[in-house]
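J.: Those protein sequence lines, which keep their order, are chains A and B. For what it's worth, the UniProt record's numbering labels the leading residue of the first sequence as 1, then goes sequentially. For what it's worth, the UniProt record's numbering labels the leading residue of the second sequence as 1, then goes sequentially.
Everything labelled a hint here was simulated from the structure, so no lab data went into it. Every residue gets a Cβ at the ideal spot worked out from N, C-alpha and C, and that includes glycine. The reader is advised that the hints may include incorrect statements.
Stated by the list, open to error - Partial chain A-side listing against chain B, Cβ under 10 Å, derived:
1) Lys170
2) Ser172
3) Phe174
4) Pro215
5) Asn228
6) Ala300
7) Val332
8) Leu333
9) Ala702
Stated by the list, open to error - Result set (BS3-like, lysine-lysine): computed pairs, CA atoms no more than 30 Å apart in a straight line:
10) A:Lys208 / B:Lys200
11) A:Lys160 / A:Lys208
12) B:Lys76 / A:Lys261
Unchecked claim - These stretches of chain B come out as covered by chain A in the derived footprint (C-beta under 8 Å, 3 or more residues):
13) 204-213
14) 219-230
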Amino acid sequence: MAGKKGKTPKKSVGGGKKPEVVQDERLQAIVLTDSFETRFMPLTAVKPRCLLPLANVPLIEYTLEFLAKAGASEVYLVCASHADQVSAYIETSKWNMPWSPFRVSTIMSLESRSVGDAMRDLDNRGVITGDFILVSGDLVTNMEFDKALEFHRKKKAEDKDHIVTMCLSKASQFYRTRCHEPAAFILDKSNNRCLYYQDIPLASSKHKTSLAIDPELLEDVDEFTLRNDLIDCHVDICSPLVPAIFQENFDYQYLRRDFVKGVLTSDLLKKSIYSFITDEYAARVESWQTYDAISQDFIARWCYPMVLNTNLLDDQTYSYESEHIYKEKDVVLAQSCKIGKRTAIGSGSKIGEGTKIQNSVIGRNCYIGENIIIRDSFIWDNTVIGAKSLIEHSLVASGVKIGSNVILNDGCVIGFNVMVDDNMEIPMGTRISETPVRKKATQFSDSASYEDDETAKQDESTKVISPAYELVGTDGVGYVYDSDKAEDDDDASVIDVVTNSLTYKFDDLYLSDDSISSTAGKRKKKRSMSTNSIYTDREGDDYEDDEEDEEDFAVEAIATVERAMENNHDLDTALLELNTLRMSINVSYHEVRSATVVALLRRVYHFIATQTLGAKDAVQKVFSQWGMMFQRQAFDQEEFVDLSNLLLEKVVAQGFEKPEFILFSALTCLYDLDILDEDAVYTWWDQVSQEEKYSQAKTLTAKWIEWLKTADEESSEEESEESESE
Amino acid sequence: MDFQAFIFCGKGYNLAPFTQTKGDTGVSKALLPVANRHMIEYVLDWCEQANFKEINIVADNEEIDVIHEALSSYMKIRESQYEILAKTLAPHHSQHLRKPVPIQFIATKGETTGAILQRELLSKITGDFVLLPCDFITDIPPQIFIDQYRNKDPDNLAMSVSYRNTFENIDKKQLDFSYTVYSENEDSVKQPVLLDVYSKKDVENSKYLQIRTHLLWRYPNASVSKKLLNSFVYFCSYELVELLTEESKLSFTSETESEEFEDDTVTSESHRQVIKPTPFRKRNKLVKDPINCCKSLAKVFRDLGRRSWQHSAPRETIGVFILPSLGCFIRSNVLSAYMEANRYMLRMKASMLAAQGAPAIGNSAVGADSVVGAECSISEKTSVKLSVLGKNCKIGKRCRIVGCVILDGVEIDDECILENAVIGNFTKIGKKCKLTNSYVEGSYIVNSRTVLKGETLTHIFIEESEDTSDSLESSEEEDTSEYSDDYDDEFEDDGLFER
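Kindly generate the complete structure, drawing on both the sequences and the hints.
T.: Given below as structure tokens:
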């Protein structure tokens with residue numbers, strides 16, 4: 001469809017690049033098909049995000065449609081993860097046909113791990129010839145790009161340092177398609193020049209934070225606005241300088257956080273960034289929540305003229321009925337089934353008797369049995385759902401088989417080809433994939449996080465993932481995907497660990513049919529941390545009880561220390577990080593010590609478990625290198641005692657094969673490092689030796705203490721002798 | 001909705017050396033003349049227009065009597081004007097006749113305007129009230145302010161008024177600009193509200209303009225302006241009295257106590273007194289957050305503005321009314337603004353004369369845009385343009401006086417050239433002096449042939465005046481503006497996230 005739509009009839013035939021074309025007329029577009037995030041795990045382990053269907057249309061189609069309307073003449077798809085799938089898809093799509101409005105080509109940038117990498121790769125390849133559009137492959141918008149482009153050109157004429165125009169869409173601060181990582185834009189009131197950019201924590205955050213704007217940036221500005229009501233849909237019109245700036249600043253990873261902020265605050269660069277604010281619909285599918293919201297908006301025609309019955313794909317045959325019901329041809333509906341509002345059903349699907357479907361999207365060739373209730377859900381192609389099941393606000397990916405009498409609770413994500421047995425109930429917010437994802441995560445997911453390697457290994461060593469029979473039944477196929485581990489640990493201080501799940505706790509936020517403009521104001525406070533976030537955000541089960549800060553701290557601090565050890569940071573860096581963390585969460589040194597002890601012991605355990613090192617060497621290696629950390633974590637007698645106590649406790653908790661040996665080695669090691677002195681050890685020992693518990697772990701230590709005492713006496717005797725002899 | 005007006009007569013630190021901040025050569029700020037009338041009279045005239053219920057002049061113990069006395073002639077004229085009016089108006093028009101509202105004088109001893117309001121004025125307030133400075137001149141009729149106030153949202157406790165400086169000649173450096181954070185509430189029906197104010201100094205101290213993200217969640221489209229100036233005009237509802245009075249007992253509680261206090265707002269709510277019911281309007285639940293009033297009013301209102309967003313439950317707001325740029329509004333709170341106010345009045349006068357087609361006065365060299373006080377003598381070949389001369393001035397021959405404010409009893413000898421200068425009372429200026437952009441304190445004796453540019457002459461020892469360079473001081477006076485630094489309490493725990 002789009003190919004025929006209002007577009008300058010300039011048909012660049014594939015391959016025939018015309019150098020004589022005036023530069024201004026040719027508009028290049030770069031599509032980042034990879035988001036470099038893991039938000040859509042486990043689905044993105046199989047398929048890239050941009051090919052996931054939204055309302056039965058792969059996401060990338062929306063983006064390409066937008067570019068076609070925008071009048072792009074060359075589109076480059078930058079592919080990183082699943083590049084083969086993306087390029088295969090594009091090759092067979094209508095965009096690759098001779099009558100396509102633009103020439104589309106893929107750039108294989110397999111090494112890229114972030115937007116920054118992709119941009120640098122782009123610069124190396126030198127494909128950019130003029131101003132270009134930079135979009136991500138998950139954009140849904142009906143924005144009139146001409147206006148933005150006009151704005152860009154006008155500003156460029158006025159301000160020769162102008163390099164980027166960001167297209168932002170207006171909404172209320174709590175609008176549901178706002179991205180997961182809210183940010184404030186500081187704009188000059190008179191001309192919309194962006195003065196500053198800063199991520200801010202979610203409204204529910206407990207951190208007291210503030211925007212810190214350098215007054216120097218505001219020097220020649222009279223009035224400016226602080227905007228926290230903009231949807232950043234990542235549509236940027238960039239000058240060719242942008243990739244070059246990324247190249248110069250090799251540490252830039254993110255487009256906004258690093259690049260925009262960096263450019264704006266740079267003293268040397270002196271470039272300016274403008275923002276174009278549109279009232280039209282624009283959003284990115286970048287988390288479960290936005291997927292949910294955008295799908296509903298799309299079905300409810302907020303994105304007109306881009307609606308489902310324009311049939312974005314060539315073979316689609318959707319027709320529109322009142323109450324936002326869309327049906328393709330060859331849909332078989334049983335007589336007694338009820339199709340409620342805001343529903344789309346793909347061709348070849350069969351709906352059984354007595355089934356009720358409302359506010360949902362059903363893919364193609366689905367077989368939906370009898371007496372099923374499907375509400376607010378997304379059922380992708382080729383699924384089979386058995387009779388009497390209840391599916392509520394869940395996502396069921398392609399090829400899934402769900403038995404009869406199954407209950408899918410709020411926020412379930414059933415990955416590709418999973419089989420769920422009869423009579424099962426899947427608890428709220430569960431994500432199930434066909435194969436364990438963890439290992440793959442490092443290789444195939446669209447993940448940018450290096451830490452995943454480490455956690456993957458660790459998790460592997462600590463527990464073997466077994467199929468989740470308790471959820472999918474004995475005949476089922478499926479593994480629980482329970483770690484959505486904060487993909488950006490480094491930024492935890494900037495951005496709270498976000499609660500990314502399809503589930504909604506804030507029911508009233510959902511399903512509201514209202515428009516962007518009418519949503520203002522009421523949404524406050526609704527975004528409380530949903531309780532299920534525990535499942536998704538925390539790493540291990542040990543930390544499930546939500547003790548708020550302390551637990552947060554424990555998890556983060558352990559991760560920090562582990563990272564330090566993994567990447568062999570120097571001691572000071574690790575300490576600095578820990579200290580920052582400590583101060584930001586405001587916990588005592590006790591917690592710091594506890595976290596450090598746990599991290600060190602885990603490391604030891606890891607070495608032993610993988611048989612890299614023997615128990616003694618492992619302890620020696622870890623504690624001699626990292627034990628010095630305690631020097632800056634414990635300062636007086638009491639704290640040393642506490643440290644020793646922690647060691648004892650955690651050694652036992654870690655479940656070593658020979659706890660007594662580990663404890664003994666660790667203690668001696670710290671003693672040798674002069675972190676623990678005799679007095680501290682004795683005091684501690686006096687306290688714990690009598691206690692019953694951990695007696696096994698203490699056996700070796702008891703001997704050591706004994707030895708220590710005698711040695712001490714001897715030495716003191718010697719000393720006294722010496723003094724006498726003198 | 002009858003308002004009680006309170007006119008605060010400040011010390012005028014920024015108008016030194018012409019005010020009584022040091023020594024006794026100056027006059028009280030309220031009495032400093034603008035185009036030969038006391039500054040405060042313009043405010044009183046404006047109040048007259050507004051038809052307030054009562055007018056109170058609030059000043060320091062020491063100054064109040066002086067002000068009272070100085071205004072006696074003004075009061076007399078006021079009375080007599082009323083009498084004339086009463087006579088001429090036929091009896092059947094008497095319903096149009098209004099007695100001039102009483103002007104009361106209130107002596108105070110508080111250190112800060114906030115404390116004065118809280119401790120000494122609140123008990124006198126019976127309804128909605130207006131707080132005014134003594135130093136503004138405007139051609140915007142008070143009705144516009146009042147209408148704006150009446151259109152306020154029900155949860156609005158008070159309306160602050162901000163203005164943009166429309167006079168180009170005012171020295172930008174002297175106007176201590178600040179970052180005013182406000183929300184225009186574009187997407188809602190609400191009126192604009194004041195959210196926060198950061199003075200330039202605070203920002204400089206902390207190196208950053210720090211704006212709480214919490215504010216952004218409450219007001220996602222807030223504006224910050226560097227051009228808005230505080231007019232010190234506040235239209236307040238009676239609810240504010242209630243909010244502030246109760247607090248006076250609690251204002252000394254320590255930080256921790258006050259936090260606890262915030263937590264059990266429920267109990268404090270039950271304590272609250274019944275406020276005057278206003279029909280057609282939902283009454284605000286006034287949560288008694290501790291508000292420290294021992295600071296200037298500008299800060300008290302800033303704190304009230306902050307209070308509106310920094311709590312987990314929204315509180316009442318403070319409106320902000322940005323004066324339309326069509327009208328003029330000027331506060332003579334710094335010297336260059338004071339001069340500009342004088343010139344503004346002079347131009348008004350000149351344009352009025354021109355409109356009336358009054359003939360230029362003889363062939364004297366006093367321009368139509370100048371005002372000359374009683375019993376002045378101006379010798380021949382002297383020209384006076386766009387200047388004010390006080391009473392009993394003596395100007396010598398061949399002088400040129402342009403854009404100056406010359407207070408009472410000044411003697412200027414021959415062939416002086418004064419441009420853009422303010423000359424204090426009873427100053428003597430010797431022959432052939434040339435003063436440009438300068439300020440000369442009262443009773444000063446400027447030697448002949450002194451050439452000054454951009455200097456301020458003040459006494460250090462009154463006797464010693466031979467050597468001018470000794471007594472030179474830079475015009476950068478100690479800057480005790482309303483936004484004086486209270487950086488300390490800027491980012492303390494204010495119970496923002498009481499959860």
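J.: Please go over all the hints and tell whether each is borne out by the structure.
T.: Quick rundown of the hints versus the structure:
1. About 9 Å separates the beta-carbon of A:Lys170 from the nearest beta-carbon of chain B, less than 10 Å, and the hint is met.
2. Because the beta carbon of A:Ser172 sits about 7 Å from the nearest beta carbon in chain B, less than 10 Å, this interface hint is met.
3. Hint on A:Phe174 holds. Least Cβ distance to chain B is approximately 8 Å, under the 10 Å limit.
4. Given the 10 Å rule on beta carbons, the hint for A:Pro215 holds: about 5 Å separates it from the nearest Cβ of chain B.
5. Taking 10 Å as the C-beta cut-off, the interface hint given for A:Asn228 holds, the closest approach to chain B being about 4 Å.
6. Residue-level restraint check for A:Ala300 is violated (minimum Cβ-Cβ distance to chain B is 21 Å; threshold 10 Å).
7. Given hint, A:Val332 at the interface with chain B, is violated; its Cβ is 46 Å from that chain's nearest Cβ, farther than 10 Å.
8. Evaluation of the A:Leu333 hint against chain B yields a violated restraint, the C-beta minimum of about 42 Å exceeding 10 Å.
9. With its C-beta approaching chain B no nearer than about 47 Å, A:Ala702 sits outside the 10 Å limit, and its interface hint is violated.
10. Proposed proximity of A:Lys208 and B:Lys200 is supported: the alpha carbons are some 23 Å apart, at most 30 Å.
11. Pair hint A:Lys160 plus A:Lys208 does not hold up; C-alpha atoms about 38 Å apart against a cutoff of 30 Å.
12. A distance of roughly 65 Å separates the Cα atoms of B:Lys76 and A:Lys261; the hinted pair therefore is violated under the 30 Å criterion.
13. Counting residues of the segment 204-213 of chain B whose C-beta lies closer than 8 Å to any C-beta of chain A gives 8; at least three are required, and the coverage claim holds.
14. Coverage of the segment 219-230 of chain B by chain A holds. Counting CB-CB distances below 8 Å, 8 residues qualify, and the rule asks for three or more.
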